[in-house]
Amino acid sequence: MFVLTGVAQRYGRTPAVRIDAWRAQPGEHWLLAGDSGSGKTTLLHILAGLTTPTEGSVVVGGTDLATLAGSARDRWRGRSVGLVPQRLHLVAALDVRSNLLLAQFLAGLPQDRARVDELLAALGVGDLALRYPRQLSQGQAQRVAVARAVVNRPALVLADEPTASLDDSHAAATLRLLRQQAEATGATLVVASHDARVRPLLPHTRMLAQTPR
Amino acid sequence: MNTLRLALAYARRRPLATLLNVLLLAVGVATITLVILLTGELEARMHREAAGIDLVVGAKGSPLQLILAGIYHADAPPGNVPLSEVLELRKDPLVREVIPLALGDSYRGYRIVGTEPALVAHYGAALAAGRLWSAPMDAVLGSEVARATGLSPGATFAGTPGRGGGGAQHRGTPYRVVGVLAPTGNVIDRLTLTGIDSVWQVHDAHGHAAAGPAEHDGEPEAREVTVALVKYASPIAAVRLPRAINARTSLQAASPAYETARLLTVFGVGTDVIRGFALLLVGASALGLFVALTQALDERRHDLAIMRALGASRARLVAVLLLESTLLALLGLALGLASAHLLAASVGRWLPAAATLAGGASTWRPEEWGVVALALGAGILATVLPAWRAYRLDVAATLADG
Ligand SMILES: Nc1ncnc2c1ncn2[C@@H]1O[C@H](COP(=O)(O)OP(=O)(O)OP(=O)(O)O)[C@@H](O)[C@H]1O
Ligand SMILES: [Mg+2]
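Same order as they appear, the protein sequences are chains P and Z. All residue numbers for the first sequence refer to our numbering, where the first residue is 105 and numbers rise by one. All residue numbers for the second sequence refer to our numbering, where the first residue is 755 and numbers rise by one.
It is worth saying that the hints were derived from the structure and are not from the lab. Quick caveat, the model's predicted, so the values are computed rather than measured. Take these hints with a grain of salt, some might be off.
[Said to hold, decoys possible] Label pairs and their calculated CB-CB ranges:
hint, chain 1, residue 1, chain 2, residue 2, range
1, Z, Leu1084, P, Glu287, 41 to 51 Å
2, Z, Leu758, P, Val107, 38 to 48 Å
3, P, Ser241, Z, Pro1120, 53 to 63 Å
4, P, Asp124, Z, Leu1084, 48 to 58 Å
5, P, Ala313, Z, Leu770, 51 to 61 Å
6, P, Ala176, Z, Thr757, 16 to 26 Å
7, Z, Val1020, P, Ala196, 49 to 59 Å
8, P, Thr118, Z, Thr1048, 24 to 34 Å
9, P, Ala176, Z, Leu1018, 25 to 35 Å
10, Z, Thr757, P, Val107, 30 to 40 Å
11, P, Thr171, Z, Leu1096, 55 to 65 Å
12, P, Ala196, Z, Thr1048, 40 to 50 Å
Glycine included, C-beta positions come from ideal geometry on N, C-alpha and C.
Okay, chain P solo, but in the shape it has when bound:
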């Protein structure tokens, strides 16, 4: 589904991440593991086309990201990638339903309210559609962020430290949700985490070594 070859990202002279080769098949569920500062977040942003690596090639779903520039790349990202950022970043000015409709709108896809409400219900937050993000618990907000990431049925779902602030049972539940939703659309899933509890919950693991500095 994606192929990374000789990818490296440097900020100034400090290498943030280096990965020689990584190939994932469609529908595979991966853990991207590594200590803090090993470059997990950076790599997710590279896969999402948010960061252009200083070296190497990134091919996602048959598209070489180097060939996509400007708004074409934004458009591709909106339709092909679902991102659950570590801080979730739900839009505080919009209620839960509008947050999901926003994802459809910005991707240039038709806004499907039935799909939105169905998805929220499937994630157990169906009755929170009219709440604003500040009125949600951490776990509820997490589910909404997952819903927003999969609402456009992207081929690639990326989650950054989704269990960071959750207790054991919620951590396991969140992982289960992510996998269920990825499975439901046949998406490839990459979960970046340094959380040891996540390791047994995902079938494939890619370790990032601490980059030498």
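Let chain P serve as the given structure and place chain Z with the ligands on it in line with the hints.
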């Protein structure tokens, strides 16, 4: 979801700051627009009321005073001139028409003007009731005079010396209302018309003991009028006639077009000051909008970053910000324009002296497009820097910085 709803959602998030900026802009817009409406109406009215009159002839003195007294009935005349000299002008081939006016008393603040029926024809006024004057002491009321005094044909009233409402009334020689004119929107609405001889009669009756009856013995040569409105027969008259009159006779000729333009220039300095102050208000509101947007952008950079992650292009972010400030600017603009027009319509209530300018409230003046451009320009200008920062936003770093 669309760009508009997104912009509205953000405007709702900061209601106080939003309201303040909108109001600030509205006050600036309203001030500028009000000045435009009132001065515009003033100019239009002055030109309308002077239309068709090429020259005002009267006693020597200030030409502006002659115009103010003879056309706008807004000042005391400089003095009287012999009727015979005025009538002499009728023989000049360059003159098409001469309408003599004898400004006399007033009734309840409305000027009583002794003249000829040609004045009614000049203003295109029609009779709403009754007939024109024929005998001495017959009076025809302008529409506003009739409305304000409640007099109708058959009623009698006594004039008061001068323009004001005070002073001893000429009770011995009352006027008799014989007709009422239909509204014209011109100065004639505010006049009471009568024959010239009526004005003379009132003054003869009131002693003028020092002058003695010999002075006014009924001979036309001895009779006086205040001003005469002159219309040219040919364009050449504009070149020759004023100079000829000023040089050869005891009369003074003043051009309404020239004196009006001069008056408006003086007046314009005052309105420029108000305009400048209003511009300052608009500038302040643009600055307020700029500060609010820039501050909001710091709080919103994560929203903007996630929007990019969700597929929004840089241009889309700029569009959202621009639409937001444009909406606020439009709101302030609409509010300001509406209140300016409402204030202009009710100007008589808070500025009685300007009551006649209320007519400007219902017109849209071309200068108002300038106000529209100014307000929208202020909104857009305030967005330039925030929009540029949104355009340059480092999405990956912003998503990661928590
Ligand atoms: N915008 C940036 N400018 C400079 N250095 C950066 C930037 N982003 C990341 N880095 C550096 O790159 C390295 C990898 O950062 P990254 O956030 O990808 O690590 P991580 O594995 O996600 O860490 P964590 O588990 O703490 O989230 C770190 O050393 C970080 O300081
Ligand atoms: Mg990280």
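Subject >> Verdict for threonine 757(Z), valine 107(P) (Cβ pair) under range 30 to 40 Å >> reply: 36 Å, holds
Subject >> Beta-carbon spacing of threonine 171(P) to leucine 1096(Z) - inside the hinted bounds 55 to 65 Å or not >> reply: 59 Å, holds
Original post:
Per the hint of 53 to 63 Å, is the separation of the Cβ atoms of serine 241(P) and proline 1120(Z) within bounds?
Top reply: 59 Å, holds
Subject >> Verdict for alanine 176(P), leucine 1018(Z) (Cβ pair) under range 25 to 35 Å >> reply: Violated, at about 60 Å.
Original post:
When you take the CB atoms of alanine 196(P) and threonine 1048(Z), is the distance between them in 40 to 50 Å?
Top reply: 18 Å, violated
Original post:
Could one say that the CB atoms of valine 1020(Z) and alanine 196(P) fall in the range 49 to 59 Å?
Top reply: 57 Å, holds
Original post:
Taking the CB of alanine 313(P) and the CB of leucine 770(Z), does the distance hold inside 51 to 61 Å?
Top reply: Holds, since alanine 313(P) and leucine 770(Z) (Cβ atoms, about 52 Å apart) stay within the stated range.
Original post:
Can the suggested window of 48 to 58 Å be confirmed for the beta-carbon pair aspartate 124(P) and leucine 1084(Z)?
Top reply: Check passed, 56 Å falls within 48 to 58 Å.
Subject >> Range agreement (Cβ of threonine 1048(Z) with Cβ of threonine 118(P), hint 24 to 34 Å) >> reply: Hint holds: Cβ distance 31 Å, inside 24 to 34 Å.
**OP:** With respect to the beta-carbon atoms only, verify the hint that alanine 176(P) and threonine 757(Z) lie 16 to 26 Å apart.
**Re:** For threonine 757(Z) against alanine 176(P), whose Cβ atoms are near 20 Å apart, the range 16 to 26 Å holds.
Original post:
Measuring from beta carbon to beta carbon, are leucine 758(Z) and valine 107(P) in 38 to 48 Å?
Top reply: 41 Å, holds
Original post:
Is it true that the C-beta distance of leucine 1084(Z) to glutamate 287(P) lies inside 41 to 51 Å, as the hint says?
Top reply: Once the Cβ atoms are compared, 48 Å apart, the range 41 to 51 Å for glutamate 287(P) and leucine 1084(Z) holds.
Hints 9, 12, counting from the list given before, are not met by this structure.
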